[in-house]
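Chemist: Sequence:
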Amino acid sequence: MLELRLQVEELRRRLDAERDHGEVWVSNGREVQRPAIGSGSDAIAIEAPNQPPPPSTVQLAPGMTMAQIERAAIEAALRETRGNRRRAAEILDIGERTLYRKLRDYGIAPEAVAVGS
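Position one of the sequence shown corresponds to residue 171 (this note's numbering), numbered consecutively onward.
Treat the hints as calculated values from the structure; they're not laboratory data.
We put the beta carbon where it would ideally sit given N, CA and C, even for glycine.
It is possible that some hints are incorrect.
Quick list of the computed label-pair ranges, beta carbon to beta carbon [said to hold, decoys possible]:
no.	residue 1	residue 2	range
1	277	252	28 to 38 Å
2	267	237	12 to 22 Å
3	277	234	16 to 26 Å
4	263	234	30 to 40 Å
5	265	176	15 to 25 Å
6	183	282	27 to 37 Å
7	282	229	14 to 24 Å
8	233	275	29 to 39 Å
9	268	235	28 to 38 Å
10	187	281	29 to 39 Å
11	266	187	12 to 22 Å
12	238	187	18 to 28 Å
13	186	282	31 to 41 Å
14	260	181	14 to 24 Å
Model the full assembly from the supplied sequences, consistent with the hints where possible.
Modeler: What follows is the structure in structure tokens.
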């Protein structure tokens, strides 16, 4: 959990540094991490597309709380998996029990997210 918290803090720091350059789109962590692994650089360039983001993308805005970011990431994973909680947990790199607890805590109905958004 501490590692996740540190990763989130680093992401927030990078987003704060980029906010003056326009919108920033971040998808799930694996999509961002994979290109960075082979690049030989610590820098990750995130470009804002000219079209709407895919359903699995989370739009971050300055001032969003960690809870809002986490909820948006969970909803995006559920949209991508059409409500499949097991696959959503895999995408988010968390355990299924953790996902179920977060769904309950945030009052998210996976079926409604998969169909309604």
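Chemist: Now tell me, hint by hint, if it's right for this structure.
Modeler: Status of each hint after checking the structure:
1. 277 <-> 252: 28 to 38 Å: Distance hint for residue 277, residue 252 is violated at roughly 20 Å.
2. 267 <-> 237: 12 to 22 Å: 19 Å, holds
3. 277 <-> 234: 16 to 26 Å: Holds, at about 18 Å.
4. 263 <-> 234: 30 to 40 Å: With Cβ atoms ~20 Å apart, the hint is violated.
5. 265 <-> 176: 15 to 25 Å: With Cβ atoms ~19 Å apart, the hint holds.
6. 183 <-> 282: 27 to 37 Å: 33 Å, holds
7. 282 <-> 229: 14 to 24 Å: Holds - the Cβ-Cβ distance for residue 282 and residue 229, about 19 Å, lies within 14 to 24 Å.
8. 233 <-> 275: 29 to 39 Å: 21 Å, violated
9. 268 <-> 235: 28 to 38 Å: Since residue 268 and residue 235 have Cβ atoms about 19 Å apart, the given range 28 to 38 Å is violated.
10. 187 <-> 281: 29 to 39 Å: Since the Cβ atoms of residue 187 and residue 281 sit about 38 Å apart, the hinted range of 29 to 39 Å holds.
11. 266 <-> 187: 12 to 22 Å: The hinted range 12 to 22 Å is violated for residue 266 and residue 187, with Cβ atoms some 34 Å apart.
12. 238 <-> 187: 18 to 28 Å: For residue 238 and residue 187 the Cβ distance comes to about 20 Å; the hint holds.
13. 186 <-> 282: 31 to 41 Å: Given range 31 to 41 Å: holds, Cβ gap about 32 Å.
14. 260 <-> 181: 14 to 24 Å: Since residue 260 and residue 181 have Cβ atoms about 20 Å apart, the given range 14 to 24 Å holds.
Of the numbered hints given earlier, the model fails hints 1, 4, 8, 9, 11; all others are met.
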